[in-house]
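Student: In case you want the letters, here they are:
Number of protein chains: 2
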Amino acid sequence: MEHIEKILEFIVEIEKLKDVQRKTKPVGLERFENSAEHSWHVCLTALMLKDYANEEIDINRVIKMLLIHDLGEIDAGDTIVYAGQTTEYKAEEEAGISRLLSILPGFMADEFIELWREFEAGETADACFAKAIDRVPPLLHNIHGDGHSWRTHGVTKEKVFSVNQRIEAGSKDLWSVMRGKLEGAVNAGILK
Amino acid sequence: MEHIEKILEFIVEIEKLKDVQRKTKPVGLERFENSAEHSWHVCLTALMLKDYANEEIDINRVIKMLLIHDLGEIDAGDTIVYAGQTTEYKAEEEAGISRLLSILPGFMADEFIELWREFEAGETADACFAKAIDRVPPLLHNIHGDGHSWRTHGVTKEKVFSVNQRIEAGSKDLWSVMRGKLEGAVNAGILK
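Heads up: the protein sequence lines correspond to chains A and B, in order. Under my numbering, the first residue of the first sequence is numbered 1, with each subsequent residue one higher. Under my numbering, the first residue of the second sequence is numbered 193, with each subsequent residue one higher.
There's no promise every hint is true.
[Stated by the list, open to error] In silico lysine to aspartate or glutamate, EDC-like type, Cα no more than 20 Å apart, as pairs:
id : chain 1 : residue 1 : chain 2 : residue 2
1  : A       : LYS6      : B       : ASP365
2  : B       : LYS242    : A       : ASP19
3  : B       : LYS242    : A       : ASP110
4  : A       : LYS90     : A       : ASP78
5  : B       : LYS217    : A       : ASP19
6  : B       : LYS217    : A       : GLU9
7  : A       : LYS181    : B       : GLU201
8  : A       : LYS50     : B       : GLU306
9  : B       : LYS198    : B       : GLU222
10 : B       : LYS349    : B       : ASP338
11 : B       : LYS242    : A       : GLU114
12 : A       : LYS172    : B       : GLU201
13 : A       : LYS16     : A       : ASP78
14 : B       : LYS282    : B       : ASP338
15 : A       : LYS50     : B       : ASP302
[What the hints assert, rightly or not] So these bits of chain A aren't anywhere near chain B, every CB distance computed over 10 Å:
id : residue
16 : GLU15
17 : GLY84
18 : SER102
19 : GLY106
20 : GLY122
21 : ASP146
22 : SER149
23 : LYS157
24 : LEU182
[Unchecked claim] Now the stretches of chain B that chain A is said to cover, found in silico as 3 or more residues with beta-carbon under 8 Å:
id : segment
25 : 197-205
26 : 214-220
27 : 251-263
28 : 309-322
29 : 325-337
30 : 359-368
It should be emphasised that the hints constitute simulated quantities derived from the structure, not laboratory data. The model shown is predicted, which means the values in this text are computed figures rather than measured ones. Ideal Cβ placement from N, Cα and C applies to all residues, glycine included.
For reference, chain A alone in the conformation it holds in the complex:
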């Protein structure tokens, strides 16, 4: 019962992810997205697109990765992908997720910190696909939202194409479709 108490304490603590504001607005909404609802959204995106991964993946591991991938932001905050991420920020994020996982019963933390590190390293097939998926919704937000976040942060088309080409490492088919959509955004004048 003591273990369940600790898990519930963790469950309450991670509520704070609902208060971490991201840099894009969900399609049709006037407010910014938070990292908790984003995490749900990428899990379903991965589940629906799993058959388009370049390599064989374990979708259940990918979903677990995506459920926890932003927990470090509770302490470190969200950063925009175009800013690049410093070693200091990464260390802060890892300290953040470690702090959260340390609330859990001792034997539980290891699996999740390993999964988080695998995601961050982005080298395995599962992590490559998870990282590809993580980039898709913010692009859709901009494409369907007049490029609001690109404009606010002065992100050029060159930067958008080069940074998001990483999607190709997880799914060539998905990148092909997304690249087409980005070219459409350039033609429509919302990506410059």
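Start from chain A and add chain B according to the hints.
Tutor: Frame of chain A; chain B shown alone:
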């Protein structure tokens, strides 16, 4: 590529779940929770508490159920668990999730509508556990939030205990801990 286009259309359409307002406020926040961030929260709650299910469960199926369990609310809206749910509301929710899933390539919808129906029926071990988990965060919101939703909706302690005893069907251990917390809320005068 046509399939990916359809899946992306679905991914954009389900963004609307981020705009479905629930009846409780996340711990520490002054705003109401939305059904998308709730869906993320229950997935992680299930993942962390999986070892306490009464029967053997497939946690990956449970997580899939929880990722999609509220999609019907995009068309039907959220209702409070204490209100009970009419046949009409259930039909509206099923029509809603069917409409969403019909956006996907034809071969994909069946798996998810079956999973949703299994969750709703609440009879299999996976569904029993998923339904138990779904009840936990709103209780924690009230317990850590001065019983705000119980008070607003005039929910009595008798109702809270009888409706949430359903948690026991998924996890006796979890219900034992939650019952203790609810008794604490009664003693503290926030559940009457």
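Student: Next, verify each hint and record whether it holds.
Tutor: Verification of the supplied hints:
no., hint, result
1, LYS6/A to ASP365/B, "13 Å, holds"
2, LYS242/B to ASP19/A, "26 Å, violated"
3, LYS242/B to ASP110/A, "16 Å, holds"
4, LYS90/A to ASP78/A, "11 Å, holds"
5, LYS217/B to ASP19/A, "12 Å, holds"
6, LYS217/B to GLU9/A, "17 Å, holds"
7, LYS181/A to GLU201/B, "12 Å, holds"
8, LYS50/A to GLU306/B, "19 Å, holds"
9, LYS198/B to GLU222/B, "37 Å, violated"
10, LYS349/B to ASP338/B, "14 Å, holds"
11, LYS242/B to GLU114/A, "19 Å, holds"
12, LYS172/A to GLU201/B, "19 Å, holds"
13, LYS16/A to ASP78/A, "13 Å, holds"
14, LYS282/B to ASP338/B, "31 Å, violated"
15, LYS50/A to ASP302/B, "16 Å, holds"
16, GLU15, "5 Å, violated"
17, GLY84, "26 Å, holds"
18, SER102, "14 Å, holds"
19, GLY106, "14 Å, holds"
20, GLY122, "21 Å, holds"
21, ASP146, "14 Å, holds"
22, SER149, "15 Å, holds"
23, LYS157, "20 Å, holds"
24, LEU182, "13 Å, holds"
25, 197-205, "holds (count 6)"
26, 214-220, "holds (count 3)"
27, 251-263, "holds (count 5)"
28, 309-322, "violated (count 0)"
29, 325-337, "holds (count 4)"
30, 359-368, "holds (count 3)"
Checked against the numbered hints above, the structure violates hints 2, 9, 14, 16 and 28; every other hint is satisfied.
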